[in-house]
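> Residue-level listing of the chains:
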Amino acid sequence: DQQVKQNSPSLSVQEGRISILNCDYTNSMFDYFLWYKKYPAEGPTFLISISSIKDKNEDGRFTVFLNKSAKHLSLHIVPSQPGDSAVYFCAASALGTGANNLFFGTGTRLTVIP
Amino acid sequence: EAGVTQFPSHSVIEKGQTVTLRCDPISGHDNLYWYRRVMGKEIKFLLHFVKESKQDESGMPNNRFLAERTGGTYSTLKVQPAELEDSGVYFCASSPRWFAYEQYFGPGTRLTVT
Chain V
1 DQQVKQNSPS LSVQEGRISI LNCDYTNSMF DYFLWYKKYP AEGPTFLISI
51 SSIKDKNEDG RFTVFLNKSA KHLSLHIVPS QPGDSAVYFC AASALGTGAN
101 NLFFGTGTRL TVIP
Chain U
1001 EAGVTQFPSH SVIEKGQTVT LRCDPISGHD NLYWYRRVMG KEIKFLLHFV
1051 KESKQDESGM PNNRFLAERT GGTYSTLKVQ PAELEDSGVY FCASSPRWFA
1101 YEQYFGPGTR LTVT
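So the sequences go chain by chain: V and U. First residue of the first sequence? That's 1 in our numbering, and the numbers climb one at a time after it. First residue of the second sequence? That's 1001 in our numbering, and the numbers climb one at a time after it.
Treat the hints with care, since some could be wrong.
Reference excerpt, derived from the structure (chain U facing chain V, CB under 7 Å, subset only) [as the list claims (entries may be wrong)]:
hint, residue
1, 1061
2, 1091
3, 1102
4, 1105
5, 1106
6, 1108
If you're looking for bench data, these hints aren't it; they were derived computationally from the structure. The beta-carbon is built from N, C-alpha and C at its ideal position, and this holds for glycine as well.
Looking at chain V on its own, in the form it has when it is part of the complex:
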C-alpha cells in the first residue's frame, strides 16, 4: 500500500512562472518530509526538507509547505527555470519510530518551457 502519493505524473510551466508540485501521505507517523530532484540517468538529489513541527521551509527559489491536518505537502518553485526540468520525488520518514528509511511517491515530471 502506497503511503506517499503524487497524483500528477507530469506538469508543464512557462519559464518565470510558479511551479507547484503536490504530495499526499497517509501515515500519521511521518514526521519528516523531503523533496528530491532526479535527472535522467542520475540518482535522486536532495532538494529541500521540512520537519512536521513546521509548516513552511524556504530555500532560495524553493519553498515547501506542509499541511499536517490534510496530510498534504507542496513544493513551490519561483521563478521556474528550464534547468528545473526534472522528475521530482516527494519522500517521507518516520524518524520518531526509530526507522530511517524513506517512503517515496511515484514522482512528477516537471517541464519548464523557455
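Assemble chain U onto chain V, guided by the hints.
Just chain U now, with coordinates in the frame of chain V:
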C-alpha cells in the same frame, strides 16, 4: 569528495541467472541503503546497513535477494535466481549519521531480466 558510485550501470540477464550489484558509499558514511524503482512506480526501500550490520531489511522482497556489506565499506546486492519482476533500477544511498535527514543517492543500476 566522491559521491555514491554503483556498478554496473546497466545489466541485462536471463531469467534464472544470478546478478550482483555493487555500491560504494561516500567515504565515512556508516549508513547505507538499497532502494528499487520498478518502471513508473515509486522508489521502494529494500534495506539499511549500519556499518556491516543489517539494521532494517523489512523491504527485501524475498530470499532470492541477498545483501552484504563487507567490513562496513562497499555493499553488494545479489539476486539469485533472477525473475522477470526483478527488473527495475536499483539505487544505493548513504548517509553519515543514523538520523541523517538527507540521504545521498548513487546513479542506480538498471537491471533488465529477460
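> Hint by hint, which ones does this structure get wrong, listed from lowest number up?
Number 1 only.
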